Amino acid sequence: MSVNNEFRPKIVAFCCNWCSYAGADLAGTNRLQYPADVKIIRVPCSCRVNPMFILRAFQRGADGVILCGCHPGDCHYTSGNYFARRRMTLLFSMLDYLGIEKERTRVEWVSAAEGAKFAATMNDFVDTVTKLGPNRRLEDLRCKN
Amino acid sequence: MQELIKKGKELFANGTVDRIIGWTRGELPYDREIRVFRCAECFEKDFVYDAFCGANLSKYLIEESGKEGKIGVFLKPCDSYSFAQLIKEHRIKKENVYAVAIECYGKCDSRALADSVEDAIYWITDNGPELKIDTVSGAVVRNTYDYMLEKCAACKTKKHAPGCDETIGDEGEKVDDCTRFDIVAKLEAMTPEERFAFWRGELSRCIRCNACRNVCPACSCEHCVFDNPASGISQKAAADSFEENNFHIIRAFHVAGRCTDCGECSRVCPQHIPLHLLNRKFIKDINELYGEYQAGENPDERAPLTNYTKADCEPSVVYKRGGKN
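Protein chains in written order, with my numbering: chain A, 1 to 145; chain U, 146 to 470.
Looking at chain U on its own, in the form it has when it is part of the complex (with noise of 0.2 Å):
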């Protein structure tokens, strides 16, 4: 953390950047908020990278970016993917933002962390591989990466995207076993029935709150669909049986193929429905079908989407993969 705060106050006094978005301490002591430093002594005395810090910046970018003077920005390899596919998509104005990579080793789950301690929490030190508790009773220490977040513990690259002006430690690798699609195959490998009373029963405590749509990178449309009364699947809370499968559906597919499994409609969701579940199916399906596909990871490759080809399989391919009937 101190050599990026020493980062960012160089920034600032090299006139490299007006402001700087980063974390800093929430209400909670495991809440991060998102906030726009606009000083080298406010940046030094609030900024924090620690466990806590998921939250993913580069949608933020999209605003901040438009804004006069240039911003500087903090980029986990999982968030450069998301800020390269944003600005592959002219939503970021590249010209804007200072982009420094920086180093990860996964981040926590600060509802499951909380929710692992019985006592009032009200200051934690973040050890690296632990995590120092200071509870109204005392202290207690919990190993960090038994609190992954989901995404982090099938974290698929340690690589950024490229698209950063400089990095901060060293450039990590992609992870070989990453065990992210495994979830995946394993509801791919049960009956209708099965999966069916599976989502039924994930999508039914969906109090459609839009958290997902809000915080997702990919969802930037200036005029959501979901806003429009007419769509029929505006927001309100579902009435029916379909509704939140349709919103849910459709909410997938809308950033099909731009999706970088970033995880974070999954991190954001206040009833933890596995929402990256039906993003990393249509990612594992085009994987599968069209070829290896990573949303953001090469400027001039097109999106799978519309870079068909006049092999591409039949839509009754369906009918034959898959799991049982």
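Chain A on its own, in the form it takes in the complex (with noise of 0.2 Å):
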């Protein structure tokens, strides 16, 4: 038997419950295909997810961190995801000037009718990310398994 030594990424999405992880379901009903790396976590809102979300999901061996909501404009609770856009832009510029890869983080729209676009983009995160490689300058190696 052959064992596949080759690198998969562990992607972890936050999406938000109106849009993106509507439109999540609506690429699966779709039949859309997008790879099972990706590991979808439902949050109420974009700006539900603290930074300390994605830092500990990198810390815990995450090698890629998505951030899905609803468009700006439209969030469900009305300015949500304008808080989360200032968050996210002033801690992701945070993490590069520690010198963390900036491709490992992203901050995507996806409305729930973008079932295309959310299987588009994680096809491109994943890719990115697997040219990445693994994620070793925010692993925490009490997490190593």
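No lab work stands behind these hints, which were simulated from the structure alone.
Keep in mind the model is a prediction, meaning the values are calculated, not measured.
Hints are not guaranteed to be accurate.
[Claimed, not checked] Reference listing, derived: stretches of chain U covered by chain A, where coverage requires no fewer than 3 residues with Cβ under 8 Å from a Cβ of chain A:
1) 242 to 249
2) 335 to 346
3) 396 to 404
Heads up, the beta-carbon is just placed ideally off N, CA and C, and yes, glycines get one too.
Two chains, two separate frames, one set of hints: put the complex together.
Put into structure tokens, the structure is as follows:
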């Protein structure tokens, strides 16, 4: 039996309940393909995502973290994604400043009708992170298995 | 200093305050401790204001202003921004504080100064631009401006934030050619590998003493995430490669938009980690992306992290700006 040693990234996708999670659903019902490396975590709103969630994901061995929410202006709670946008801009800039590859983090606005965009985004993100290789700079050695 | 003592005695005498928080001599000749003076006599005897009074008194007022009676405080320009910010956040009861704005020409890094002298120091006289240091083998003289704290060498303003009750001396001006972002810009221009190596070197020295958190006027939560054992980053020596990064990223993020850049974090760090560079990165980003903002300057202005606009840049702006890849 041959063992496949090819690197597969672990991707955490935070999806807002109202848009992106439904978009992911639509991608599924439309039979659109995207890699199984993406692990979706449903959140009530993109602004529910505390910067610590993202750091924690990296600490626990994620190779890339993507945050998906409603398009600006379409937030179910009116303004959540505007807050998330500022927060994530600053956090990503800080991670870049500390020398963490900036392609490992991404924010993408995906509406409930954009199943195709969801699948395309995930395919692209997984490709990008696969090329970067495993996350070494933000990992926590205790979480190594 | 005599002017300040006169003012303090006057405040005690006319009943404006029943105690004053200020600096006093510590154990070593260049140590300055913080003390609450309860009478004019002890104030006159022990109060000190000289080149080593770098400590920011604002944070102590959170607790002190909650007590009965009015407390007097002397605020240097950078302290006054922390004070104004804490009032804005409803942490300090302004009606219990009498704030006196005082001038500041920069404070000394006492550790750097002590390291520059070989013999044991037993007394230091602050003569303004000169420091006369009495050691066991005779006196030496040092130029005060050669041993400035990092926060003072790149001073951003000599002008006080609004909110002080009176001013002693002349009100200063903002420093136009402030160099506080120079090192941040230098780091930004490096490659990610160089930046990672730089921060790895700096942050791996962290012993998690929490001094930066305890001294920071913006870190004033009653229940801190770092005290929660379930957070995974509670206080303990770092056991792995990421823990100290995580602590410092989170801490800097928690004060982003509220940090007044008073520089206390770097001043107290026993490991000489340039923590202000993390906070300054956030300040620089906020200034560049969302418009100039100085925490504490305007009591009516909204904090940048909540003051969104529909036309804000997307987070992908990070891929395009900054240094080499």
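The hints, checked one at a time:
1. 242 to 249: violated (count 0)
2. 335 to 346: Result for this restraint: holds, n = 9.
3. 396 to 404: holds (count 3)
Comparing the model with each earlier hint shows a violation of hint 1 alone; every other hint is respected.
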